[in-house]
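Undergrad: Protein chains in written order, with the numbering used here: chain A, 1 to 519; chain E, 1 to 181.
Since the hints were derived computationally from the structure, they do not count as laboratory data. Some clues are possibly wrong.
[Unchecked claim] Derived PhoX-like pairs (lysine-lysine); straight-line CA-CA distance at most 25 angstroms:
no. : chain 1 : residue 1 : chain 2 : residue 2
1   : A       : Lys-449   : A       : Lys-139
2   : E       : Lys-45    : E       : Lys-31
3   : E       : Lys-176   : E       : Lys-46
4   : A       : Lys-197   : A       : Lys-149
5   : A       : Lys-213   : E       : Lys-46
6   : A       : Lys-212   : A       : Lys-139
7   : A       : Lys-213   : A       : Lys-449
8   : A       : Lys-146   : A       : Lys-197
9   : E       : Lys-21    : E       : Lys-5
10  : A       : Lys-139   : E       : Lys-138
11  : E       : Lys-138   : A       : Lys-149
12  : A       : Lys-139   : A       : Lys-149
13  : E       : Lys-138   : A       : Lys-146
14  : A       : Lys-212   : E       : Lys-138
15  : A       : Lys-212   : A       : Lys-449
16  : A       : Lys-406   : A       : Lys-431
17  : E       : Lys-26    : E       : Lys-14
18  : A       : Lys-431   : E       : Lys-26
The structure displayed is predicted, hence computed values, not measured ones.
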Amino acid sequence: MDIKEISNRFQNMTIVSVDESLMCVRVSREDLAHVITSLVEEGQAQLSSLFATDDRQEQGVFGVHAICSIYDVPQRMMISISIPADDPQYPSITQTVMAAHWYERYMRDMFGIEPVGHPDLRRLVHHENVPENIHPLRKDFAWNTKMPKANIAYPMHHIKGEGIFEIPVGPIHAGIIEPGHFRFNVAGERILTLEGKLFFTHKGVEKLVENKKPIDALPFIERLSGDMSAAHALAYVEAVEKIGQCHVSKRAQMLRAIITECERITMHIHDLANIGGMGTGYSFIAANGFRIKERMMRLSDELCGNRFWRGVITIGGMTRDWTTDELDHVVATSYEAWQEIAHIVSLALDSEGFLDRLQYTGELPYEAAQAFGAVGLPARASGVDRDVRRDYPYASYTDFPVTVIKKKSSDVFARYRMRILEIEQSIALIKTLVAEIADGEVMTSCEPKNGLAIGSVESWRGEIICVVRINNGVIDRCFPRDPSFCNWALFGIMGPGNIVPDFPLINKSLNLSYSGTDL
Amino acid sequence: MKIFKLIYLLVFGKKVTEKRKKFEEKNQSGKEFDVIGAEVQQIIKKLYNGRSLRIRAVDAGSTNAEEIELTALNNAYYDIDRFGLSFVASPRHADMLFVTGPVTRNLENALRTTYEAAPQPCIVVAVGDGACTGGIWKDSYAVVGAVDQVIPVHVRIPGDPPTPTEILRGILTALKTNNSQ
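Based on the provided sequences and hints, a complete structural model is requested.
TA: Here it is as structure tokens:
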């Protein structure tokens, strides 16, 4: 269905603006839940992001904006409502669209906007230490406020019954990983419920980038999650360039694709080693996999001057260019890395003990993936046919399309094989890109304008949606939605039924970012 | 039949690990790392009576880049185990704490408890710009600040994030200062 037809279907929907990638519409505050529910239930769209803005200074209202990705049309729809400042509430979407559940709790903490009828109105971002009535993203809250220490309960679910125990894990974990707290309710070894408490690494990035020039905010965006710097930077600069209507040269677009694909290969190799090695105790895979990953990190060091594919993607193009020899070196190194990891993985796949751990572990049914709005590789491993590179092509993916790899078995093993296939695809893509690389400058000047735009990128974790609104040349609102934000809640589905020692394996098979979620 | 397949693989299979010579050619930058490592090894032997030095990594709000570099210390290129250094799962087993990231409000208590759980004397190393100064997130409403605002810090390793070699050099500095005291 065309996006115009959709807007015609709903009465009282006013079209604010339309461009090739985004259609902004406005509905009344009572209609928001109804419109989104109809779109989702009829299978026409998915809720991709939900965020609020504080427009009290200019218009005296808060804004709540839902971004819906319409299937089969390379255009997104932003449905906005206005909420009066003296009565900040609206009917909750979560009652009918599960995917909205965290976004609404997030908005309630950060803006104090109440989703009426939300089934689970506990705090999300604010832990015990944050006092009542603190809403950091409101404009009258200074970024460097020193808050007093409070002690407000942060309740978590638990089951009562004979023989049922609760296992708390974290926030400081045994391995060298990021902090998060998990509660398992178990009967014997079997997990009954599993709930996470995150936002430990909440650093207030959304507030910090406010009132900064777009270029000054880039370092914060690159440091949202250390292992996906390039993808986050690309999503952000895509948005800023759309606002400024900048034309980025073809060569820069291709280089951007090469860098993000290299990042994908690096982290997929890491995950293959981590799931195989650390998840199941097959240390041979870990030892060799991490060795190969180190080579990719050194490749990044040679190309970008740091080990994290960082600092090269910038507004208007790339900060540096590479010679043909250097690009051939990228192809050769990544191909060699792929050959080696493929050989090692093939040895692992011969082991029955290994397969036994991976198969039928952490299954995520297709219906659950859809309902929770799962994105990226875990969603595709459950049969969801979505990939930003094909659906909303950015950088040079219009000219060099990718096929969407998906699996139906939805277990850890499916996600493991998906990674192997995706590396193979990325290697082929890099080869083509380097062979057909365009000539020309890699940097064009890009003057920031006022406006709102969405940048979306398929990172190795999944779909990043970065909303940027610029006002008076500085950032008014920036909401970089990390794929992990959508996928964390999936553990509530994947965990139960498995045994406790399988949780680390399931966790590694998704490899979600804590820092990227917490912002 | 599986056993024959395995024996075949063992005898005639392709070797997966790199040849030493080829590895060393590729790993030119590793020489500096080895030199620092050897020195670290000597000091540890003397300081801990022939035992090894156990490190506990604590993420107090980093971006996970520091964690990636700490994990890299264990890979075949760096392999810090050979110098008598290893990461442990509990602060109760640790001689040294690696703290990464600007300390966020939500992790302040967790960091303090971890420090209190570690047996004294415990060397605290702040790893990365965030941990040393608060980095780009300094003074944010959600951030307490550098690690030294919460627990005493003995050595700082700046970097965004510091490379494995820089981290090892930091350990050397930490041990040298500690040795002279």
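Undergrad: Of the numbered hints stated previously, which ones are contradicted by the structure, given in increasing order?
TA: 5 and 9
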